[in-house]
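A.B. asks: Going line by line, the protein sequences match chains X and C.
Each residue of the first sequence is one higher than the one before, counting from 1 in the working numbering.
Each residue of the second sequence is one higher than the one before, counting from 660 in the working numbering.
It is possible that some hints are incorrect.
[Unchecked claim] In silico BS3-like links for lysine-lysine, alpha-carbon gap of 27 Å or less:
| # | chain 1 | residue 1 | chain 2 | residue 2 |
| --- | --- | --- | --- | --- |
| 1 | X | K625 | X | K570 |
| 2 | X | K403 | X | K242 |
| 3 | C | K982 | X | K111 |
| 4 | X | K570 | X | K539 |
| 5 | X | K505 | X | K335 |
| 6 | X | K111 | C | K896 |
| 7 | C | K751 | C | K969 |
| 8 | X | K460 | X | K335 |
| 9 | X | K335 | X | K381 |
| 10 | C | K990 | X | K242 |
| 11 | C | K886 | X | K125 |
| 12 | X | K425 | X | K279 |
No lab work stands behind these hints: they were computed from the structure.
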Amino acid sequence: MMAKRVSGGISLWLAIVLVPSVCFGQQPPLNLESLEEQAFKEASAVVAPSVVRIQTVGGLDRVGRVLTGTAATTGVVVSADGYVISSAFNFASRPASVLVTLADGRRFPAKIIANDRARMLTLLKIEAVGLSVPKVAPRDGFRVGQWAIAMGRTYESPLPNLSVGIISALDRIWGRALQTDAKISPANYGGPLVDIRGQVIGVLVPLSQRQAGKTAGVEWYDSGIGFAIPMADILSTLPRLKTGTDLLPGLMGITLKAGNVYASAAIIDRVRFNSPAEKAGLQPGDVITTLDEQPIRRLVQVRNALGNKYAGDTISVVVRRGEKSVEQKIQLIGKLEPYTPTFLGILPARQKRGEAATGVVVRGILPESPAAAAMIRPGDKVVQLDETPVTDSAGLFDAISRKRVGADVTVHLERGGVRETVSAKLAVVPNQVPAVLESQIIAAPEPKPPDLPATGRFNKDLAGHDNNYWGYVPENYNPAHGYGLVVWIHPGSDTMEADMFDLWKPICERRGLILVGPRAKEIAGWNLNEAGFIEALVKEVQQKYNIDDQRIVLHGYSDGCRFAYHLAFKYRSLFRGVAASSEPLKVTPPENRPDLRLQFFLSCGDKDNLYRRVQQTRNRLAGMKFPVTFSTLAGAGHEYPTIPVLDAIGRWIDMLDRI
Amino acid sequence: MTNRILTSSFCLLWICLWGSSIAQAQSIQATIRRVQQRTVKVFGAGGIRRLHAYSTGFVVSRQGHVATIWSHVLDTEELTVVLADGRKVRAKVLGAEPQLDLAVLELLEKDLELPAWDLEAEVTDAGPGTRVLGFSNMFRVATGDEMVSVLHGVVAAKAPLTTRRGAFESSYEGTAFIVDAVTNNPGAGGGVLTTRAGRLLGMIGKELRNAESNTWVNYAVPISELKQPIRQIIAGKYRARQRDPDETNVVARFRPLEFGIVLVPDVLFRTPAFIDAVQRGSAAARAGLQPDDLILFINGDLVQSCRVFKQSLGRIDSGGVLKLTVRRGDKLLPVELPVPDKPDEPDTPDKPEKPATAGDTK
Chain X
1 MMAKRVSGGI SLWLAIVLVP SVCFGQQPPL NLESLEEQAF KEASAVVAPS VVRIQTVGGL
61 DRVGRVLTGT AATTGVVVSA DGYVISSAFN FASRPASVLV TLADGRRFPA KIIANDRARM
121 LTLLKIEAVG LSVPKVAPRD GFRVGQWAIA MGRTYESPLP NLSVGIISAL DRIWGRALQT
181 DAKISPANYG GPLVDIRGQV IGVLVPLSQR QAGKTAGVEW YDSGIGFAIP MADILSTLPR
241 LKTGTDLLPG LMGITLKAGN VYASAAIIDR VRFNSPAEKA GLQPGDVITT LDEQPIRRLV
301 QVRNALGNKY AGDTISVVVR RGEKSVEQKI QLIGKLEPYT PTFLGILPAR QKRGEAATGV
361 VVRGILPESP AAAAMIRPGD KVVQLDETPV TDSAGLFDAI SRKRVGADVT VHLERGGVRE
421 TVSAKLAVVP NQVPAVLESQ IIAAPEPKPP DLPATGRFNK DLAGHDNNYW GYVPENYNPA
481 HGYGLVVWIH PGSDTMEADM FDLWKPICER RGLILVGPRA KEIAGWNLNE AGFIEALVKE
541 VQQKYNIDDQ RIVLHGYSDG CRFAYHLAFK YRSLFRGVAA SSEPLKVTPP ENRPDLRLQF
601 FLSCGDKDNL YRRVQQTRNR LAGMKFPVTF STLAGAGHEY PTIPVLDAIG RWIDMLDRI
Chain C
660 MTNRILTSSF CLLWICLWGS SIAQAQSIQA TIRRVQQRTV KVFGAGGIRR LHAYSTGFVV
720 SRQGHVATIW SHVLDTEELT VVLADGRKVR AKVLGAEPQL DLAVLELLEK DLELPAWDLE
780 AEVTDAGPGT RVLGFSNMFR VATGDEMVSV LHGVVAAKAP LTTRRGAFES SYEGTAFIVD
840 AVTNNPGAGG GVLTTRAGRL LGMIGKELRN AESNTWVNYA VPISELKQPI RQIIAGKYRA
900 RQRDPDETNV VARFRPLEFG IVLVPDVLFR TPAFIDAVQR GSAAARAGLQ PDDLILFING
960 DLVQSCRVFK QSLGRIDSGG VLKLTVRRGD KLLPVELPVP DKPDEPDTPD KPEKPATAGD
1020 TK
């Protein structure tokens, strides 16, 4: 009945838009405009008693790069006994105290009960009863084009603030939210989106289809792109939130084969160990055909089907395996066991440009590794791992990364022209850097090619960017060989160029590295939106020089590391390592991924005030199963590493491509 | 910035759709036409370092007086005004009220016989939800003799711009119309906000950032606040208001210790105002304050940090009652402390730190 009346209203509205010629010039029986305006005001007045003002005390002033406000924000009463729902954005600064002011002016301290980390909502509780609970608009009545009134209670005014728009789209952000063109901003995050009849459609939150996090989507404030989580969905998860447990996005533990998201079938590429998917028997190569009763034909549909699922939800999955169709029930979880990288212990010989690969020639064996135990020797050529033929080091790495730590593998070798097999038990990637590591010798090109790019120390601008950079390329640069790339992220106020050049020149020459030193636009320090410049710089260097993409590392010191970490996490497919000195990690690292490996080398003086926190960073990264090497500078305070540590970083870079 | 332009153009598009489609097409178009005829484009100083050299004004007398926003644009001898009919006329500043961001220009041509607003009969008031139109020379989109741009939206709120000191870097501190359309763009200042029936509501203000929520605020100063000074400036009888003494000269009249309150060490930008200790026999002790109480309100204003508490305490009047609300456990407790009489002899000036503003560019 209710839904019918809503849609009736919309068809009237459409008719008016579509047939102007009929209406034009005629005196309308009613002044539609003023009636609508009246309706906006009445609808907001109906909901106003349920819209509360939220103030926070204490907390951070900056979350990521967004300066969080201390302004009042908004919440909506969801049950008469004191539960209030709001946007998680309003609590991103982790305030010490939260206050709720009801529409009638009564003020209460509030407790944060739980967060919905998929829909970015926070449930609060105040000790009050008899609160006004708003009417909820039925979910099946939503229509694109219907009026939508966004409400907040952020100004010092007895009336809530309003913005009027329409519903722009349904089922956005993988089915979690609807979109509106009303102006959504910190002035109404946490407030209700109301229909013209005074029923709550949803709760306003910043969201982004590209990023997750409490402040993602804020950059779209007031742009005409705003999001609301349907109230009907919130009410269905309310009992779970009330128990005080955070709701997490549900995970199955699979990755899909990359492809055209609009066309490719959803083929399982990897199944995470110990994940719900593995326990349900899903296998790499299975094609997902149905998820939660919805047919899946394209990659993108998988994300849509899972977007609305929480940890603890059970979904049905149908996969095609060869000729068979297999159906499974899978209970999703919130946190997967981290992926632990596996390790054989060989250093692959690096191929020269243009060389055909018929296997992986062993350049060196790391001590005490499975390869050493299996008596694999330098000069051996690995051609097969278990059933998987291997032609190059990328292929061998991929094959190893699909095995579990502790797995027994059969390595097929060519040794002196004879094919042999050895057995090895895979281990975890060691965190030690050997004291001695032979580098692969690179000779100067003979004869010198005419189009050899610049070598030695240089200063350059980057087309299309305001920043510039300096760099060093070994004089005997030979384009036939792949070089490692060290991107030096200087600390604030000091580019340290002269010192860096002196210290790193010998390491670059010994280890076959190119060093580039981008300069921050403001000498005071890096702004996170300069990330695009660094990415462009790396691509530029990759174009000009022969860069081994397994050995591109970021190196930072002191507060420069913050930007280095940011870059490493933002451009996972570009950077393979971070060498960070004297600075702890302050942001949450992404998950360790088998396909995009990332390794860390941390160092800090034991007299540095930050020493303990850098150690905690090591523990945190190690807990997430990233390979982390840690080096203590005995007796040193907050200072740049000494030559022995830099030599160790050089060796570490030289074995980033270890398998 | 791109976002703002985009939004604006969407709104413009909207207006076109509306204008041509709804039943009141004629009246809306008549309204827009009528307001546009009373709105002018102002060109003056600027053009360097990203300062725009243009703004908007509205005609307030048939003899050629234009009310506009007080800004750097007026800081020149070469001030010109382009009228709605495309004529370009030289102008000079007749008078200004910087506290209201208001200036009145006199057009330097006689017998213009302009269509002008009647500030007595045509001004009205509005609350949240009222549909409004904004008219301005924003981004100088209207070139040559083109008329100003029109946006639509609703009044989001009618509220004071300053909820606490330092929230806005605005000279205007009174109640303003806050709108949900992106009206406050470069060059839009001095434009008008009207109802859809064409009644005058406010003068569009500057581009203003709300330092509390770190967002841009779109607001207009109510004409009801402006009409008196406008009339007086035209009559040559206006005397600018006295400014409050500058904030930096304000002395801290009271300190927490004078009430027996010892706050926790202020180590963070936003250290919550927890009480560390209460001095024996002090006013705070008599009022029952205890260590670990969190001070949340001072005389009704939210206290977000030790810093804010000290600043607010520095400003209270001597004599009378200091009302605090503290949070103890899960309860809010109101307490009252007597404020001693104190002569206005400053001991040391208290320089309030400016809150950090985001460094983003527009």
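A.B. asks: So, for every hint listed, does it hold in this structure?
C.D. replies: Status of the hints after comparison with the structure:
1. K625/X x K570/X: holds (19 Å)
2. K403/X x K242/X: Distance ~41 Å between K403/X and K242/X Cα, so the pair is violated.
3. K982/C x K111/X: With Cα atoms ~24 Å apart, K982/C and K111/X stay inside 27 Å; holds.
4. K570/X x K539/X: holds (15 Å)
5. K505/X x K335/X: violated (44 Å)
6. K111/X x K896/C: Violated, at roughly 57 Å.
7. K751/C x K969/C: violated (46 Å)
8. K460/X x K335/X: violated (45 Å)
9. K335/X x K381/X: violated (39 Å)
10. K990/C x K242/X: Distance of about 21 Å is within 27 Å: holds.
11. K886/C x K125/X: Not satisfied, since the Cα-Cα distance of roughly 47 Å exceeds 27 Å.
12. K425/X x K279/X: Since the Cα atoms of K425/X and K279/X sit roughly 23 Å apart, the hinted pair holds (cutoff 27 Å).
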